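The whole structure should be built from the sequences, with the hints applied where relevant.
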Amino acid sequence: MRLTLHVWRQKGPKDPGRIVTYDMPDVNPDMSFLEALDVLNERLIQRGEDPIAFDHDCREGICGACGMVINGIPHGPRRATTACQLHLRTFKDGDEIWVEPWRARAFPTIKDLVVDRSAFDRIIAAGGFVSVPTGSAPDGNALPVPKKVADLAMDAAQCIGCGACVASCPNGSAMLFVAAKVSHLGLLPQGRPERRDRARKMVEQMDREGFGACTNTGECEAACPKEIRLEFIARMNRDFLRGTFAERPEAE
Amino acid sequence: MSWLGRLYDSTIGKKAIMAVTGVILFAFIIGHLAGNLQILIPDGGARIDAYGRFLHESPVLLWGSRLVLLASVFLHILTSVQLALRNRRARPQPYEFREWREASYASRTMMISGPLIALFVVYHLGHFTTGHFHGSFEPLKVHDNMISGLQVWWASAAYVAAMILLGTHVYHGGWSLFQSLGISHPRYTPLLKKGAAVVAVLITLGYVLIPATIWMGLVR
Amino acid sequence: MELKANVPDGSLEKKWDRHRFELKLVNPANKRKYRILVVGTGLAGASAAATLAELGYEVEVFCFQDSPRRAHSIAAQGGINAAKNYANDGDSIWRLFYDTVKGGDFRSREANVYRLAQISVHIIDQCVAQGVPFAREYGGQLVTRSFGGTQVARTFYARGQTGQQLLLGAYQAMMRQVGAGKVRLRPRSEMLDLVVVDGRARGLVVRDLVSGELSVALGDAVVLATGGYGNLFYLSTNAKGSNVTAIWRAYKRGAAFGNPCFTQIHPTCIPVSGEYQSKLTLMSESLRNDGRIWVPQRQGDARPPSQIPENERDYYLERMYPSFGNLVPRDIASRAAKKVCDEGRGVGPGGLGVYLDFADAIRRLGENVIRDKYGNLFEMYERITDENPYQAPMRIYPAVHYTMGGLWVDYNLMSTVPGLYVIGEANFSDHGANRLGASALMQGLADGYFILPYTIGDYLARSRFEKIGPDRPEVRQARTDAETRIQRLLSVNGKRSVDSFHRELGRLMWDDCGMSRNEKGLQRALSRIPALREEFWRDVRVLGENEQLNQSLEKAGRVADFLEFGELVCRDALERRESCGGHFREEYQTPEGDPMRDDANLCHVAAWEYAGEDSPPKLNKEPLTFESVHLAQRSYQ
Numbered sequence: 000m001r002l003t004l005h006v007w008r009q010k011g012p013k014d015p016g017r018i019v020t021y022d023m024p025d026v027n028p029d030m031s032f033l034e035a036l037d038v039l040n041e042r043l044i045q046r047g048e049d050p051i052a053f054d055h056d057c058r059e060g061i062c063g064a065c066g067m068v069i070n071g072i073p074h075g076p077r078r079a080t081t082a083c084q085l086h087l088r089t090f091k092d093g094d095e096i097w098v099e100p101w102r103a104r105a106f107p108t109i110k111d112l113v114v115d116r117s118a119f120d121r122i123i124a125a126g127g128f129v130s131v132p133t134g135s136a137p138d139g140n141a142l143p144v145p146k147k148v149a150d151l152a153m154d155a156a157q158c159i160g161c162g163a164c165v166a167s168c169p170n171g172s173a174m175l176f177v178a179a180k181v182s183h184l185g186l187l188p189q190g191r192p193e194r195r196d197r198a199r200k201m202v203e204q205m206d207r208e209g210f211g212a213c214t215n216t217g218e219c220e221a222a223c224p225k226e227i228r229l230e231f232i233a234r235m236n237r238d239f240l241r242g243t244f245a246e247r248p249e250a251e
Numbered sequence: 000m001s002w003l004g005r006l007y008d009s010t011i012g013k014k015a016i017m018a019v020t021g022v023i024l025f026a027f028i029i030g031h032l033a034g035n036l037q038i039l040i041p042d043g044g045a046r047i048d049a050y051g052r053f054l055h056e057s058p059v060l061l062w063g064s065r066l067v068l069l070a071s072v073f074l075h076i077l078t079s080v081q082l083a084l085r086n087r088r089a090r091p092q093p094y095e096f097r098e099w100r101e102a103s104y105a106s107r108t109m110m111i112s113g114p115l116i117a118l119f120v121v122y123h124l125g126h127f128t129t130g131h132f133h134g135s136f137e138p139l140k141v142h143d144n145m146i147s148g149l150q151v152w153w154a155s156a157a158y159v160a161a162m163i164l165l166g167t168h169v170y171h172g173g174w175s176l177f178q179s180l181g182i183s184h185p186r187y188t189p190l191l192k193k194g195a196a197v198v199a200v201l202i203t204l205g206y207v208l209i210p211a212t213i214w215m216g217l218v219r
Numbered sequence: 000m001e002l003k004a005n006v007p008d009g010s011l012e013k014k015w016d017r018h019r020f021e022l023k024l025v026n027p028a029n030k031r032k033y034r035i036l037v038v039g040t041g042l043a044g045a046s047a048a049a050t051l052a053e054l055g056y057e058v059e060v061f062c063f064q065d066s067p068r069r070a071h072s073i074a075a076q077g078g079i080n081a082a083k084n085y086a087n088d089g090d091s092i093w094r095l096f097y098d099t100v101k102g103g104d105f106r107s108r109e110a111n112v113y114r115l116a117q118i119s120v121h122i123i124d125q126c127v128a129q130g131v132p133f134a135r136e137y138g139g140q141l142v143t144r145s146f147g148g149t150q151v152a153r154t155f156y157a158r159g160q161t162g163q164q165l166l167l168g169a170y171q172a173m174m175r176q177v178g179a180g181k182v183r184l185r186p187r188s189e190m191l192d193l194v195v196v197d198g199r200a201r202g203l204v205v206r207d208l209v210s211g212e213l214s215v216a217l218g219d220a221v222v223l224a225t226g227g228y229g230n231l232f233y234l235s236t237n238a239k240g241s242n243v244t245a246i247w248r249a250y251k252r253g254a255a256f257g258n259p260c261f262t263q264i265h266p267t268c269i270p271v272s273g274e275y276q277s278k279l280t281l282m283s284e285s286l287r288n289d290g291r292i293w294v295p296q297r298q299g300d301a302r303p304p305s306q307i308p309e310n311e312r313d314y315y316l317e318r319m320y321p322s323f324g325n326l327v328p329r330d331i332a333s334r335a336a337k338k339v340c341d342e343g344r345g346v347g348p349g350g351l352g353v354y355l356d357f358a359d360a361i362r363r364l365g366e367n368v369i370r371d372k373y374g375n376l377f378e379m380y381e382r383i384t385d386e387n388p389y390q391a392p393m394r395i396y397p398a399v400h401y402t403m404g405g406l407w408v409d410y411n412l413m414s415t416v417p418g419l420y421v422i423g424e425a426n427f428s429d430h431g432a433n434r435l436g437a438s439a440l441m442q443g444l445a446d447g448y449f450i451l452p453y454t455i456g457d458y459l460a461r462s463r464f465e466k467i468g469p470d471r472p473e474v475r476q477a478r479t480d481a482e483t484r485i486q487r488l489l490s491v492n493g494k495r496s497v498d499s500f501h502r503e504l505g506r507l508m509w510d511d512c513g514m515s516r517n518e519k520g521l522q523r524a525l526s527r528i529p530a531l532r533e534e535f536w537r538d539v540r541v542l543g544e545n546e547q548l549n550q551s552l553e554k555a556g557r558v559a560d561f562l563e564f565g566e567l568v569c570r571d572a573l574e575r576r577e578s579c580g581g582h583f584r585e586e587y588q589t590p591e592g593d594p595m596r597d598d599a600n601l602c603h604v605a606a607w608e609y610a611g612e613d614s615p616p617k618l619n620k621e622p623l624t625f626e627s628v629h630l631a632q633r634s635y636q
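Read top to bottom, the protein sequences are chains A, B and C. Residue numbers for the first sequence, in numbering that gives the first Met the number 0: 0 to 251. Residue numbers for the second sequence, in numbering that gives the first Met the number 0: 0 to 219. Residue numbers for the third sequence, in numbering that gives the first Met the number 0: 0 to 636.
Hints are not guaranteed to be accurate.
Calculated pairs, DSBU-like style, for lysine-lysine (alpha carbon to alpha carbon, straight line, at most 30 Å) [unchecked claim]: (1) C/Lys466 with C/Lys30; (2) C/Lys620 with C/Lys519; (3) C/Lys23 with C/Lys13; (4) A/Lys200 with C/Lys30; (5) C/Lys466 with C/Lys32; (6) B/Lys192 with A/Lys147; (7) C/Lys620 with C/Lys13; (8) A/Lys200 with C/Lys181; (9) C/Lys3 with C/Lys30; (10) C/Lys554 with A/Lys10; (11) C/Lys14 with C/Lys30; (12) C/Lys494 with C/Lys554; (13) A/Lys10 with C/Lys494; (14) A/Lys13 with C/Lys338; (15) C/Lys494 with C/Lys23; (16) B/Lys193 with A/Lys147; (17) A/Lys146 with A/Lys200; (18) C/Lys3 with C/Lys466.
What the hints contain is simulated information worked out from the structure, not anything from laboratory work. Just so we're clear, the structure is a prediction, and the values are computed from it rather than from any experiment.
Set out below in structure tokens:
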């Protein structure tokens, strides 16, 4: 099949960048989208042109490294699918495809489709954990966790940290990412002791990173390759508001 | 920083403020609608004029609610502007190609419907509260002022347009405020969304009924 | 080179306890004076970094990914073993130990494996406490399942994403220390060389992948947790970035390489679909619990599977191994698949595939139960192949998945270079010639959480460190070497892309050093690899420059190392004149086609020593002695 790719090319953080059009006359519908970019890159190398830089690693939809906005939608048109698992059979012969990096102030572009997502790591470092040093754990069955709670926590814990939520949000907000972690840990009895502090600290770090606010449009939920739900954002709001509003004053 | 400062500083805190002030404004919209629908009672305006006088004879109630409303409007606008600026800064470079999948028209245009409604409120206050934009305004003659004011076709049209905007604003705000305050449930939230749509339509229809009937001469 | 395994004396059960007591401790107040460099942030690296920082050491962590959370441990699906015996089905530490030694075909170190089994129970506790959402019963207790080749249910899991959840647990524990300032995180940084000063590992040469800047990180000990080298074969289930460079560079600085030829071929992967294929996708072998594997009885039977009647199907694993059936260990299942495909009974494009059929299980348990257990795997299969596995059987074929070989380490996980520790898949460690399912996660976390943090303290407490600066000749030399290499890669300016070389090397390795090997093939590979390497350095095309994000340059460095390393793998495979575990030499098999071990001559770890650019590597042997288990021919009949 034939595809025309309009790809965002940007040499470095300071380069203004532009769209460059590439013709792909003979791609195989069973290729993944990234494999199509591989093929294109091989040709660019043959022509002596700089290949397109894009992040990728596991290519099975779990590492969260890949991510690009394909035809205006993060990870492309297929729901619950990362770019590496998106196959060309999703498109029609002759389609024109626009490929851009995640765009957000908190995710500065490094080159072409590669962006810096370290803001997510800093949010986790601010509170996205259970403070349990190695060796201090009780028996795994000491605290029962109802199956339904464990399942719900797992729904949230599936987040792969790809950043599609930020990319899709009209406000460049990271609420879904933060909410997934706040919910995952806050739901489990092991994470309860730090629940509200965690929500407060992570949200404060999120705000410091320059992400936007939530306007409840639901775009993130639709873009999330792991189908993490909006209700987790409500859960985070609840934990955060209680954490800030109703917490007893701490001794400074 | 105090907890209040921290709350106000955060995006979620600001959204909570928008939600709470939104609830207050929503309550006003309902009350205001209920009061003004009395124009439809065919008694030559006796009931609605009495309602107007009642409000003015109890200054504590009148100014109390005006103060609460004013504060809510102020906070609602202030936080929304701050959030909107923040949101705009969060994506300095727009996409070349953008597709929407989930975001409703209403949700994407809150920052358009909001300011337009605010403008309309200013006009509306000048029209029926102070009378500056009204050709033949007479204090406390609610019925006569409404009839004469809304028989002007473009005024009526402005009212209808504003109320449609209000409907979209109330639709998205109506369910979204629960989300902002942390209330969500897989069973009830979908109902809430539908409920918000129904209420938004009813409010719009209710308000539109007034200029429409007056302009068509059904109420005199 | 002397290989001192440093296995403590005493009975097997007491060794680790006793050893822990004998290890010297670092004074708590002094711990912050030591700097430990950790390379890699998978299960082993992240758990080690977190634990070392909790203990009070200064830790610096490097990973080539943009975030430590992306390390390839994240892709492990099936689960993690632990001898908890929650299922009350007769499991014990001893049984897990025995299964692992036997599964590894008696080519692992007894004492290490026993320790691994002992520690396994603590790992589960630790992970649960971190908030890993393991599967639960309705009553709230942890669920276990039986997994790939075991007859007890000792595998804990979190849907099909156990690796992800365990890694996030370790990552979060590490990020807590990043937040506390105890761990310095350096993502998008690739280790290009090891700095050895006065015979001890003291630092790294690191390239910042965004700016291209080369820098030297210095410390008191180095921990390599850089994973396996399955990408030697180009097509594997490894992440695209997984590579051998870190351990290969350490090898060239004096660390012995243990059993490089022990590679594991995983039986349940999605078959290759075309030339453009960039990687292979694993389907968790938990699928074998409920799926039945078969091929048509007749050669070249091209009918769709639904039209092949029951009596014309060959459920070959159930036929050949009646008691284990579809649950035989990975190496056996893989070779059996190759065998039936070589007979011309394979299915799908190119005849390289076998069916994995859930029709029976769906009939017996209902589609909902199957969906609950494997839903996400089925979805993944459908996404990739566009076929619905609820209706038609899956097609699977073996693919390179895990490498049991790695840098040789002693009981303390220290390599032959003092101060250089190697943990997780990067070491040769505990799996012998074949790894059992759900044991990789266990080993990575055991090394990182519970072994290395103790043993590294002993080394630090026993050694004295002088301060070294970047102007030491050894440091400068390592840095210059790395610089020269990058310049060489950029200046070849030939015609062929890096990937084309990698693909060719992978094909060659797969053909001659893959699922089954023979002397002729290995000799052929040993003559072709140097030629390919020579061509690479003459004709590779790496565009761009060093001072930018340059993914071609990154790949080029890794492929250059694979081109050297492949030769060592073939050499090791040639020298190991027996069939054991994942290593099958066609010359050494019974008339029935079962592998034949040579315990009299080859019951050892082959530890290869670098002897310079122009000399062949030197083979050292660490004899393996089995005091507690009886060496038996592995039989799964």
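(request) Measure nothing beyond the straight line between the CA atoms of A/Lys10 and C/Lys494; if it is 30 Å or shorter, mark the hint as holding. (result) Measuring from Cα to Cα gives roughly 23 Å; hence the hint holds.
(message) Given the hinted pair A/Lys13 and C/Lys338, is their Cα-Cα distance within 30 Å?
(response) It is violated: about 56 Å lies between the C-alpha atoms, which goes past 30 Å.
(message) For a C-alpha distance cap of 30 Å, please report whether C/Lys14 and C/Lys30 respect it.
(response) holds (26 Å)
(request) With a cut-off of 30 Å on the C-alpha distance, tell me whether C/Lys23 and C/Lys13 pass. (result) Roughly 18 Å separates the two Cα atoms, so the pair holds.
(request) For the pair we were handed, C/Lys3 and C/Lys30, check the Cα-Cα distance against 30 Å. (result) Given pair C/Lys3, C/Lys30 holds - Cα atoms ~27 Å apart, limit 30 Å.
(request) Given the hint that C/Lys466 pairs with C/Lys30, test it: the Cα-Cα distance must not exceed 30 Å. (result) The hint holds at about 16 Å.
(message) With the threshold set at 30 Å, check whether the alpha-carbon distance from C/Lys494 to C/Lys554 stays at or below it.
(response) holds (16 Å)
(request) Could you grab the alpha-carbon distance between A/Lys200 and C/Lys181 and see if it respects the 30 Å cut-off? (result) holds (19 Å)
(message) Given the hinted pair C/Lys3 and C/Lys466, is their Cα-Cα distance within 30 Å?
(response) holds (28 Å)
(request) Would you check the hint for A/Lys200 and C/Lys30, treating anything up to 30 Å between C-alpha atoms as holding? (result) holds (29 Å)
(message) Would the hint linking A/Lys146 and A/Lys200 be met if the CA-CA limit is 30 Å?
(response) With a Cα-Cα distance of about 28 Å, the restraint between A/Lys146 and A/Lys200 holds, given a limit of 30 Å.
(message) For B/Lys193 and A/Lys147, compute the direct alpha-carbon distance and say whether it is at most 30 Å.
(response) It holds: about 27 Å lies between the C-alpha atoms, which stays within 30 Å.
Violated hints, in rising order: 14, 15; the structure is consistent with all others.
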